[in-house]
Structure formats: structure tokens, C-alpha cells
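These are the residues of each chain, in order.
Number of protein chains: 2
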Amino acid sequence: MKVALAQINPIVGDVDGNTARILDSMSQAANAGADIVLVPELAVVGYPPKDLLLKRGLIERNLMAVEKIAKASRDVAVVIGHVAVNDASQGKGIYNAASVVWRGNVVLTYAKRLLPTYDVFDESRYFDPGTTPGVCALDLAGGRVKIGLTICEDIWTDDLHFSRRLYGDDPVSDLASANVDVVFNIGSSPFAIGKPQRRVELFRKKATQANKPLVYVNQVGGNDDLVFDGASGAIDSEGRVLARCRSFDEDFAIVDLKSQEGQVAGLPDKEEAIYRAIVLGTRDYVSKCGFEQVVIGVSGGIDSAVTAAIAVAAVGKDRVHCVAMPSRFSSRHSLEDAESLAVALGTDYRVIAIEDIHAATEGVLRSHFEGTPADVTEENIQARARGSVLMALSNKFGWLLLTTGNKSELAVGYCTMYGDMCGGLAVLSDVPKTMVYRVARYINQRAGSELIPNRTITKPPSAELRENQTDQDSLPSYDVLDAILERYVERQQCATEIAAAGFDERTVRDVIRKVDRNEYKRQQAATGIKITSRAFGSGWRMPIAARYE
Amino acid sequence: MKVALAQINPIVGDVDGNTARILDSMSQAANAGADIVLVPELAVVGYPPKDLLLKRGLIERNLMAVEKIAKASRDVAVVIGHVAVNDASQGKGIYNAASVVWRGNVVLTYAKRLLPTYDVFDESRYFDPGTTPGVCALDLAGGRVKIGLTICEDIWTDDLHFSRRLYGDDPVSDLASANVDVVFNIGSSPFAIGKPQRRVELFRKKATQANKPLVYVNQVGGNDDLVFDGASGAIDSEGRVLARCRSFDEDFAIVDLKSQEGQVAGLPDKEEAIYRAIVLGTRDYVSKCGFEQVVIGVSGGIDSAVTAAIAVAAVGKDRVHCVAMPSRFSSRHSLEDAESLAVALGTDYRVIAIEDIHAATEGVLRSHFEGTPADVTEENIQARARGSVLMALSNKFGWLLLTTGNKSELAVGYCTMYGDMCGGLAVLSDVPKTMVYRVARYINQRAGSELIPNRTITKPPSAELRENQTDQDSLPSYDVLDAILERYVERQQCATEIAAAGFDERTVRDVIRKVDRNEYKRQQAATGIKITSRAFGSGWRMPIAARYE
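So the protein lines, in turn, are chains R and X.
Mapping of the first sequence onto our numbering: residues 54 to 602, in sequence order.
Mapping of the second sequence onto our numbering: residues 54 to 602, in sequence order.
The following block holds chain R by itself, in its conformation from the complex (with noise of 0.2 Å):
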């Protein structure tokens, strides 16, 4: 049996679109002499699609596309990831589900049973669970084949991400006892560093406990802060990899089950599968949200530099805007190091000084903070003249503007509201600053060129809001920050388990504090690329007004 992949990159929302992608895939399919084609979960709507579930308008759209797809369907069957309807009187009136469709009709519909209801996953909140392994037959390839379905979080029973079971049943078992040939799983599986690498020891495990062969398909593409990375494949009932697909990319491959004839894209290492995931999150973001055009304000630091080559990677260099907008404060490195990169990038580069805005601000507050110290109001006064700046070129020329706080300055608010946190995509708000160097200097070495200026590289970190500033004046070095949070955010390791694990102990404390207190600007933080297995975004959901230490 020849099974394909539609590793296919939906349009949250956009039925008809996505329903002319499955129809393409088909067309592929049926050319390439497949006998089945599977896509990915929930591609009708795109996944995540989240409150679009409580209109009724996109359900029944959905409906009538899986319609559609079924009378299209030929002799290749279809496995279609879509919303179906749950006709109980009780419920939520809803599953996420999974349809082969074959010469013209819709053979099982099977209702997901295991909804994952835990960090960016909210499935509870819209589905109702089935109950029933998704099981039937087809003649297809000159022989009856039984195939067992499962939709994505169906075969994560396992994961060792979870130091318990979250659940009581366990889908790929059960249609081992119902004696499938084959078992097939449509996912859209977010990208997380290590977590290809995972899903594939995961699903090797899971083909060999359950003796049968396994094919999976993957959503591809980036839908607000979740990148997929689609990385589809087969594997063989002894977990031999049969097959995969690109990752971070739009696919479409063959698997031969009976031949084990397949290709095997390698898996990108750690830089790699992270500047992929947030080169693909802010393409799709800028495209998906209708944009042609960015614009980034870069001071010579390494988050900017590392933000405007992604962004360069993403839609390309005619279409990025670098912004210089030196202070009083500025170092003269600083302004030639963001030229440097804007010539090296090749993008437009353009120099707007701020004095001006400084200076009126502290003029009209002059009287009002007369007898007052200088602290970080002066600083934060700069941060959002910037931001005022690069929002009225975002306004006046539809450019989206992008901002470029990393997770390490995000997490103990080491930003400035309404200032360097202006954006609508924060591209590498989950990427902690040690990574961000890694990046950097991945980029350079992609590239074959210092794209990034090395200087930016290797000079002390700095905000330039003061004299002499440093980001080490107010944090602990950044490999111990980031270790420390990698723990807290990350691990949920309180402050007594970070500190036996050699960290001291106050610093360990006051980082913690700075997190906890800083939660209201996260609140109100841009949309960023989740590529940890714990961001700041829709996976994160903490109190503010809370008193907990």
C-alpha cells in the first residue's frame, strides 16, 4: 500500500482555502499512484482555531468542505482532519475528528479521544471526547487493508514530559487488540527545541508495542505563536524510520508500506530547528496577518541584529526596514554596528534620532519631577520615544513592526512597556539571550558571512539608557539567569530546588521575584514564537493581581 503525506500549511479560519490545499494534495496523490492520502488534524480550519469553534457559521462551513472533499474523492481514499458534530443531547456538541472519505462517501468518522487540555492546548474547552477506536476497511491496493485512525494526542500516552498518565486509555493499544494493518495519526504537532527528535523516539516506541507499521502526518506553518514543524513520516512495525518529510516546510512524499520504499529528510540539529521554527513563525505571521512589509528598530545590540536577519530569512531583504534611533546615550559602536548589519542584510537603513522627543518629554515633566533622583522613568521615557517612532512609520507605510525582546529580559521585565515592547510579533520573545548568541552566531555561519556584526557579538550587552549602562548592573549573568529560569519557567522548580542545585540562593530569590512581579507586561507583551516547552504566551496563564512567593 503506498500511503502520501500532505504535510500541508493551513490558513486558521480560511475553509476555502484549505479545502483547495487538501484537493491539490489529492490530485498529487492520485498522480503519484497513492492508494491513500493522509492530512493533518483539523485542516479544514486550520489548528489551533480556537473561539472561531463557537461559531456556528465555521462548523458548518467545515461540514460542507469535508462534503465536498468526500465527492471528490476517487479510488484514493482521504484521511481529512476536520470538526464533526456530536449529535448527543449533552455536551459540548463537538469533535475534533478524523474522516476517510473514498469514492465519493465518508466511510468512519472517528472522534479523538484524548484531548489535550494543558499548556497552548485548550481541546476541552470545545471538544467532546469519543469513546470508540476508529477502525474500518478498505480494498485498496488489491487487497482488503483494516486501518486504524488516531488524531495527534491519541498516541502521546507516553510522553515523558508528564511525570504521571494523564490518561486512562491508550487508542494505539486498542487498535492493536482490534488487529489494524496499519496504523495512521494526523497531528498538528507544535514545534518545541528536542521535540521532533521525541516524537519520533515516541512513535518508534508506540509502532513496536503495537507490531504494526505507523504513519503520521504533520501540520506545517506558523499560527500566531505556535510553529509546526511537520517532520511527517512512516515507520515500521520494528520502528525502522521509513520515511520522512522536510521539516519546517511544505511537503508532499510517498510512503510504500509493502516496498519500504520511502525518503528520510534528516531532522535539523538545535540551532537549526530554532532559527527555522522562528524564520517560519515570522513569515507566516506577516503573511498570514496580510502584511508585505516589516520594520525593526536595531541598536547595534544582538537581539535586534538576530531579529532583522530572521526577518531578512522570512520575507526578504527588499522588504525589511531597519531603524537607527540613537540617544544622547548612544556609543558610536552602537549606530556603525547597525549599519554594518543593515549593509551586510542588505535592507533599507535609516537613522531617526530621538533627542528631540527626549528632550520635549523631559521638558513638559521638568516641573512636575523637580527634586526627584533620576531612575528608570528617564530610561523608559527614551525606550517609548522609540516605540512612538517606529509605530508612526508601522501607521503611515503599513509596515508591521517587529519587536525584539528576548525571553531572558521578558521573564524579569528587563523591557519597558510601550517601548521596546511595541510590536506585533516578538520574534524572539521566547529565544533566552544565551540562545540568542547561539543564533547569532548559527546565522553567520549559514550564511558564510558576518551578516551579524561580530562585534555585536562579542561586546557586554548593554541598553544604552544611561551612562555606562550594562544589562549587568540589574541582572546576574546570563548564563546563570538563564539557567536559573530555565528551571522555574520551564521545570516548575521552586526557589529551595534551584538553589540545591547549586545556584545561590539570593539570586536565585530575587530572579524569581523579578518573574513573579513582572507578570503584568507579559500580560500585555506582542504575540511571540514558542519554541521552549514553556512560553510566555497562550501556555501561560498567571494571576497579576496574586500574592504568592
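Everything labelled a hint here was simulated from the structure, so no lab data went into it.
The reader is advised that the hints may include incorrect statements.
Here are the simulated lysine to aspartate or glutamate pairs, EDC-like style, with alpha carbons at most 16 Å apart [claimed, not checked]: (1) 108/X x 569/R; (2) 145/R x 432/X; (3) 449/R x 432/X; (4) 248/R x 428/R; (5) 449/R x 428/X; (6) 108/R x 67/R; (7) 108/R x 550/X; (8) 449/X x 176/R; (9) 108/R x 543/X; (10) 108/X x 543/R; (11) 108/R x 431/X; (12) 108/R x 423/X; (13) 145/X x 176/R; (14) 449/X x 543/R; (15) 145/R x 428/X; (16) 108/X x 254/R; (17) 449/R x 431/X; (18) 449/X x 211/R; (19) 449/R x 181/X; (20) 145/R x 539/X; (21) 449/X x 325/R; (22) 108/X x 431/R; (23) 449/X x 415/R; (24) 449/R x 415/X; (25) 108/R x 539/X; (26) 108/X x 550/R; (27) 145/X x 539/R; (28) 145/X x 222/R.
Note that this is a predicted model, so its numbers are computed, not measured.
Based on these hints, arrange chain X on the given structure of chain R.
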């Protein structure tokens, strides 16, 4: 049997403080000769604890608190809401629980069976559902009393808010079958317009159907976007209201189920309820975040006037700073109205003209904007200059900036990001413009004087960001706009349905398009106080990079 209702205002995460509040209530109950005292759902940790529930430390401290409360209990039994551990090897691992503690012991721990996971509620994200009814018998008031426990949603099986039954179980009817003597419900049920009335109707129906007396306690206070209105009470088995606590205030009441004696506080009508909800929400946000003073940009318009009056009611006139920031487009009446307001309210009042910042910003952008016509960019520059001034005052003096935008503006994006949207709390962001006017009139009527200048109420609304601008240059009349928004946002109607109700179809489609396209603004909006059935807050989860019409 005498039941005490401890309608307390917990702080989220503050286990020690909340435990102290519960112990206080126990003393009060003992002094008042009560047999049993009820405290609200999850009172030990405060509701909603959100992702603090992922911290093992919080769960452990909460368990120690339950032990402490149990040890402190004497002859007066206590029903406390807390987090309990689920020892099963599978599941999320915790319950939303109610324990009956009495004479030093935990007599019963009941796990909430119906977990709301819609709108602002995410309980399936954290909790496993309980599966057994909560029944125990105690020797109270000289006789054996069989008690039935429910927690909040457990009783909301027949809410007309939903067109279908969400749940298969009915915990109250199970308790009736178990022939309990009384049904208790401990809740943390947030306010929305009309909900207090709906709650009483529903509870009367459930008591009558079960043919049992029903005693319920509700949390009171503001926690981020949610305000809990209290109004705890008791209803006899024939549906008569025996007792009701005050709304929007801490309270402690005793109801004697035998003699049917209790005090019945009235429920405030619509405008009063909205006003008091917002005052409480503002007061608690300010104090629970640790602020002493607030600052508001006052324009002479209705939104900032109502916000300032609410701030004064919430924290007192000596802790409110009103700042007028005229531009070259401000009319004389605006500045007069702003000053009259501050004088009537008795607050600090300052005038900080933004012309210098405005002109400086235009100056640095002049060469870049050459040849382009003036548009919304130039308007936003003014709004952002004001945001920068207000945030500077906030940073310098530690005043919380209250933002003044209403729901109608936020819905259609008639507001400037990083401009008038600056602030920590959006006091009116769930109040439609037409309702802002009604609240303004209520405020003056309640005060018996013109706190809000009549001219502010009667003049046509204008942002004054260009010559002779009024809101109705860009928007339909607020009567029409609010009616369309209510149908689209709160009732989930589509364009066709709304047009069929008698609205001009082009207007309807234009409004809906504006709502959909401004999701990115709301994503970065300040926390707002929810007063309608659907706010643009934690219960509104729309994708941004989406295409759905």
C-alpha cells in the same frame, strides 16, 4: 441548624492570609452560635488560581492549611474550599475540593464533579472531575444532620445560557436521591450583568426540584478581570429566599434553617450593580497589586470622567491623580470639563500640554513622511505622547495608570496601542459606550451632585485628534454599534442573523470586519473588568493570523 455564611475576599496565592481569613470566620461563627460555617470554593488559594496550580509548593501549602483549619475546628463544623490531591496513578493529579472539618478532623473531602471549561473557566486544564456525591452525617444542633456538598458549577446544570446540556450528571439530584437534609454549595461565581438574578432563579429551581433547603456561599472581590459579587444566601425547599448577604462586599451572615430566620439583602439593579462591580474590581486590583495611588488621563470626555469617578469611589480622592494633556486640537470646553471633573471629585489635577512632544515627534519624522497625506498616524502620535507622559508619572511616583477606553472602542479598534491603551487596568473595557453614559448618570444621581459635568454627558463624543473630529465620522451611532456588538460578541450571532434582526447589512458587515481585524490590539490590551456575559479578556481567545469572515 444554624448555618454561617463566610463571604470572604481571598487573595489569589496568599495561602497564609486566606487561612487567617477562614480562621477568623470560624471564630465569628462560634461566637454567633452557628453549627456549621461555609467558606467559598478554593478559598484557601483564592479563585481563580490559574497556573499557580501547577506549582507543587502551592498545593502543599494549601494541604497544610487544610490540616491547620481542621485542627482548629471544634464543635462548629466548617466546609472549606481547597485543592485536594488525587492519588490515582492516572489523571491531572488534583481536585477542586470541599472538605467538611469538625472537631479536629477532616470528615469528608468531596471533589467537584462538573468542571467548567468555557469562557473564563479552565478547570479541566488543572483538575480531575470527582465521580461520587458528597454526603456525610454530623451530630449538629442536637441531632443527626445529613449534609450534601456541591461546588459551584455542580449546581449549574440547567443554565439557560447554554442551548444544550453541557453535563450528563446532576450532582444536586444525586444528593436528593441520597436523601440529604440540606444541600450546600460553595462557589466562586463571577459577576456578569443579570447573573445575580439568574443565580437566584436557578438556585430556587434546584432547591424546589430537590425538595431540600439550599445554602450557598460565594466568594466576593476582584481578581484580575473577574469580580465576584458575593450575594451568598439560603433558600428553603419550597424556593423561598431565607437569607442573602450583601453584594460586592465582604459579609458574614447566619441563617437558622429551623426557625427560617435570616436577613435578606436586596440585589442591586443593573446600573448600580455595574458601578459597584467596577468599583470593587478597581479597588481590589489596585490593592492586591500593592499600589497606593492611581493616575488617569482626563480629556473632558465621558470615558475618562467615569473612570475618574470610579477610581475615587474605589481608592479615595486623595489617592487619585487626574492629568489633562491638551494638544493643538483640544477644544477649550474639553479642558474646562476636565478641570470641573477634578474639582468636583476633589482629586489632584495637573495640566501637561503635549505640544512639544507632538511637534518634536513630527519633526524627526518629517523627512520620512514627506509627500504623504496626514492620516491616522498623526493622530496616534498624539495619543502616544499622552501615553508616554502618563507612564512617566506612573514610573516616577509608583501610581498605577488606569486606562479609560470602553468596550465599543476596543471592539472596533477605535483606540491607539501604546497610546490611550496604556495602563495596568482598563476600568471600562467591558462597558459598552451607551452603558458608560448610563453609569455616568447613575454616578451623578448617586452622589446627588454633578460629579461628572453635564456637558461631558451631553456633548458629542470626540477623540479630538484632528480638527472638528467626532467619533461618528468613523463609526455608526453608538446605539446601533452597541446593539450590533452585543449580538456579535456576546451572543455569537453572524452577520446574516444580525441583519435579519433589522440592522443595515453593510453596517453590520463593516462592524464585524472591524472587530475581527482588531484582534491584535486586544491581544495587548490591559486587564479589564468583566461585567458582560462575554468580555475581551481571559475568556476571549481568538486567533490573530487568521482568515475568517
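Hint check results:
no.	hint	verdict
1	108/X x 569/R	holds, 13 Å
2	145/R x 432/X	violated, 45 Å
3	449/R x 432/X	holds, 11 Å
4	248/R x 428/R	violated, 43 Å
5	449/R x 428/X	holds, 8 Å
6	108/R x 67/R	holds, 13 Å
7	108/R x 550/X	holds, 12 Å
8	449/X x 176/R	violated, 44 Å
9	108/R x 543/X	holds, 12 Å
10	108/X x 543/R	holds, 12 Å
11	108/R x 431/X	violated, 37 Å
12	108/R x 423/X	violated, 45 Å
13	145/X x 176/R	holds, 15 Å
14	449/X x 543/R	violated, 33 Å
15	145/R x 428/X	violated, 46 Å
16	108/X x 254/R	violated, 29 Å
17	449/R x 431/X	holds, 9 Å
18	449/X x 211/R	violated, 52 Å
19	449/R x 181/X	violated, 51 Å
20	145/R x 539/X	violated, 23 Å
21	449/X x 325/R	violated, 43 Å
22	108/X x 431/R	violated, 37 Å
23	449/X x 415/R	holds, 12 Å
24	449/R x 415/X	holds, 12 Å
25	108/R x 539/X	holds, 15 Å
26	108/X x 550/R	holds, 12 Å
27	145/X x 539/R	violated, 23 Å
28	145/X x 222/R	holds, 14 Å
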